[in-house]
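Student: Listed below, chain by chain, are the residues.
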Amino acid sequence: MWNFASPSVFLALTRRLLPWVALATAALFALGLYLSFVAPPDYQQGVTVKIMYIHVPAAWLSTFIYGVMALASLGTLVWRHPLADAAQKAAAPLGAGFTFICLVTGSLWGKPMWGTYWVWDARLTSVLVLFILYLGLIALWRAIEDPGRAARAAAILTLVGCVNLPIIKFSVDWWNTLHQPASVFRAGGPTIAPELLWPLLVMALAFTLLFLALHLMAIRNEILRRRLARLTMIAAAEGDSLAPHLATGGVRA
Amino acid sequence: MMAAPHFGFVVAAYALAALVIVGMIASILWDYRGLSGALRRLEAARQDKETP
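Chains as they are written, first to last, in our numbering: chain A, 168 to 420; chain B, 10 to 61.
I should point out that these hints are in silico values taken from the structure, not numbers from a laboratory. Please note that a few of the clues may not be correct.
[To be verified] The calculated label-pair distances, taken between Cβ atoms and stated as ranges, are:
#, chain 1, residue 1, chain 2, residue 2, range
1, B, 13, A, 342, 44 to 54 Å
2, A, 286, B, 32, 24 to 34 Å
3, A, 173, B, 21, 23 to 33 Å
4, B, 46, A, 194, 46 to 56 Å
5, B, 28, A, 310, 41 to 51 Å
6, B, 17, A, 246, 44 to 54 Å
7, A, 241, B, 13, 21 to 31 Å
8, B, 28, A, 397, 47 to 57 Å
9, A, 361, B, 46, 48 to 58 Å
10, B, 52, A, 295, 41 to 51 Å
11, A, 356, B, 52, 50 to 60 Å
12, A, 182, B, 13, 21 to 31 Å
Beta carbons: idealized from backbone N, C-alpha and C, even for Gly.
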């Protein structure tokens, strides 16, 4: 793990790994979308069950990414891993994106199935809180200028926000909710017919690989941003008149 | 399938997911392009400065 603490090693590894991850993601998406398209309609939901093939993977990623950020926060606060805060910062917009997909696709499924786009149900509300947490973390990173202080503040907020993860997971068991209980990862096995389950699992894997590819790319950007900030400061200190307008990519860490 | 009731909701969900995913990919690639371009220009400027 510590071998990857060197940004140069991470960049070299990403360069080698990224094309394969991207290829596998594209192949899995092609397969998953095909299986979703040919899967039979549900006996109750009809074709709207096809929304589940994007809603469920996005929902899974929304909590998984927060878990990744919590681990990265521990890396920042406890182990002081040099890339941990870059990983945490890079994951937040992706988490917000997938949570947004989860909320909106759920809403689009809810209208024909429940008769409403939104209810203040425990599951829906706790996922909305997760989305707001992601936005808050992105804002926090932008609000604090010193990268070290921003990383520590974001790590603490991320860890505090972890309390929401079990609430999301068990909300359907703890409260009487409109949202259905777990039907894939549950004691006693999935309750979904294999014809509908397989496309769901393939799409979940495709979404997970997509996150891996995007996260690697975003961490790489963060490393380059810091390198650019450092070199720009060195150039400025040496009295290089070119320095200020070179940093068009945004040097703020 | 297209004649099925609520098919529009399915299309809207897939279109929105595609839009968000493409947006995330594009913004990361755009950021990378800007950053690597700025680094290249900075390196070139430093080399020009060092060359007598």
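Student: Each of the hints needs a verdict: does it hold here or not?
Tutor: Hint-by-hint comparison with the structure:
1. B/13 with A/342: 44 to 54 Å: violated, 33 Å
2. A/286 with B/32: 24 to 34 Å: For residue 286 of chain A and residue 32 of chain B the Cβ distance comes to about 28 Å; the hint holds.
3. A/173 with B/21: 23 to 33 Å: Because 45 Å falls outside the window, the suggested range is violated.
4. B/46 with A/194: 46 to 56 Å: Once the Cβ atoms are compared, 31 Å apart, the range 46 to 56 Å for residue 194 of chain A and residue 46 of chain B is violated.
5. B/28 with A/310: 41 to 51 Å: violated, 28 Å
6. B/17 with A/246: 44 to 54 Å: This hint holds: roughly 50 Å between Cβ atoms.
7. A/241 with B/13: 21 to 31 Å: violated, 47 Å
8. B/28 with A/397: 47 to 57 Å: At 36 Å between Cβs, range violated.
9. A/361 with B/46: 48 to 58 Å: Since residue 361 of chain A and residue 46 of chain B have Cβ atoms about 49 Å apart, the given range 48 to 58 Å holds.
10. B/52 with A/295: 41 to 51 Å: holds, 45 Å
11. A/356 with B/52: 50 to 60 Å: Given range 50 to 60 Å: holds, Cβ gap about 57 Å.
12. A/182 with B/13: 21 to 31 Å: Given range 21 to 31 Å: violated, Cβ gap about 46 Å.
Checked against the numbered hints given earlier, the structure breaks hints 1, 3, 4, 5, 7, 8, 12 and satisfies all the rest.
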